[in-house]
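A.B. asks: Sequence:
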Amino acid sequence: MKKLWELYVTFLRVGGLTFGGGMAMLPMLKKEVIEKKGWTSEEELLDIYAIGQCTPGIIAVNTSTYIGYQQAGIIGAISGTLGMVTPSLIIITLIATILNQFIEEPLVVHALSGIRVAVCAMMLNTVISLAKAGIKDYLGVFLFLAGFLLATFSPIPTILLVICAAMIGIFVNIRKEKADS
Numbered sequence: 664m665k666k667l668w669e670l671y672v673t674f675l676r677v678g679g680l681t682f683g684g685g686m687a688m689l690p691m692l693k694k695e696v697i698e699k700k701g702w703t704s705e706e707e708l709l710d711i712y713a714i715g716q717c718t719p720g721i722i723a724v725n726t727s728t729y730i731g732y733q734q735a736g737i738i739g740a741i742s743g744t745l746g747m748v749t750p751s752l753i754i755i756t757l758i759a760t761i762l763n764q765f766i767e768e769p770l771v772v773h774a775l776s777g778i779r780v781a782v783c784a785m786m787l788n789t790v791i792s793l794a795k796a797g798i799k800d801y802l803g804v805f806l807f808l809a810g811f812l813l814a815t816f817s818p819i820p821t822i823l824l825v826i827c828a829a830m831i832g833i834f835v836n837i838r839k840e841k842a843d844s
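In our numbering, the protein residues as written are 664 to 844.
You may find that some hints are simply not true.
[As the list claims (entries may be wrong)] 16 angstroms max Cα-Cα, derived EDC-like pairs, lysine to aspartate or glutamate:
(1) K693 with E707
(2) K693 with E705
(3) K795 with E706
(4) K799 with D710
(5) K795 with E707
(6) K694 with E706
(7) K694 with E669
(8) K795 with E669
(9) K799 with E705
(10) K665 with E706
(11) K799 with E669
(12) K699 with D710
(13) K795 with D710
(14) K693 with E706
(15) K694 with E705
(16) K666 with D710
(17) K694 with E707
(18) K700 with E669
(19) K699 with E669
Hints are computed from structural coordinates only; laboratory data are not their basis. Note that this is a predicted model, so its numbers are computed, not measured.
Please construct the entire structure, taking both the sequences and the accompanying hints into account.
C.D. replies: Structure below.
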């Protein structure tokens, strides 16, 4: 029961203290599940996050569900998921009832624009640290650049880019293993 509560509270904090969507949650996820709790490694968090992006649903919820499952099975997955979505449900309900009355107020407009800038800075910081952890060789540099350019400048769905990168990684590593043996 203690582990379930710990999962719930950890993801409640992540869900309640980060704004801007899944990418903005990465720094907080990293701090909570890697540095504080030791539930996963940075490399594994990248893998979990990539899987979360490829599956239907909200990335942060998918990630909390997966980590919860790793820690305590199905009930852990439920606990992590509930922790992640509770703040959003409360905040969205409050915002929906109040914000429409104040959305045009200059103070609210300025506050939201400031929040957007802060979220962008957090996302950039996370992308840089994840790139350092995920790009390990020339193939990684190539896949990163190709994936970034194609995701940014082409209509190719990102899921297709992820699948292609995975297939290239498998193919290249199988060839390396054969060459080494």
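A.B. asks: Does each hint hold? Answer for all of them.
C.D. replies: Status of each hint after checking the structure:
A distance of roughly 11 angstroms separates the Cα atoms of K693 and E707; the hinted pair therefore holds under the 16 angstroms criterion. Proposed proximity of K693 and E705 is supported: the alpha carbons are some 7 angstroms apart, at most 16 angstroms. Under the criterion of a C-alpha separation no larger than 16 angstroms, the hint pairing K795 with E706 is consistent with the structure, at around 10 angstroms. Among the hinted pairs, K799 with D710 is consistent with the structure: their alpha-carbon atoms are about 14 angstroms apart, no more than 16 angstroms.
A distance of roughly 14 angstroms separates the Cα atoms of K795 and E707; the hinted pair therefore holds under the 16 angstroms criterion. Proximity of K694 to E706 is assessed by CA-CA distance (about 14 angstroms); at most 16 angstroms being required, the pair is judged to hold. With a CA separation close to 15 angstroms, the supplied pair K694 and E669 stays within the 16 angstroms bound. Distance hint between K795 and E669 is unfulfilled; the C-alpha atoms sit about 29 angstroms from each other, more than 16 angstroms.
For the hint pairing K799 with E705, the CA-to-CA distance comes to about 13 angstroms; that is within 16 angstroms, so the pair holds. Among the hinted pairs, K665 with E706 is inconsistent with the structure: their alpha-carbon atoms are about 27 angstroms apart, more than 16 angstroms. Pair hint K799 plus E669 does not hold up; C-alpha atoms about 33 angstroms apart against a cutoff of 16 angstroms. Only pairs whose Cα atoms come within 16 angstroms are accepted, and K699 paired with D710 is rejected, the gap being roughly 19 angstroms.
Our distance criterion of 16 angstroms between C-alpha atoms is met by K795 and D710, whose separation comes to about 14 angstroms. Restraint check for K693 and E706: satisfied, since their Cα atoms lie roughly 11 angstroms apart, inside the 16 angstroms limit. Simply put, K694 and E705 have alpha-carbon atoms about 10 angstroms apart, close enough for the 16 angstroms limit, and the pair holds. With a C-alpha separation of about 23 angstroms, the suggested pairing of K666 with D710 is violated against the 16 angstroms cut-off.
With a C-alpha separation of about 14 angstroms, the suggested pairing of K694 with E707 holds against the 16 angstroms cut-off. This hinted pair checks out: K700 and E669 have alpha carbons roughly 9 angstroms apart, not beyond 16 angstroms. Among the hinted pairs, K699 with E669 is consistent with the structure: their alpha-carbon atoms are about 12 angstroms apart, no more than 16 angstroms.
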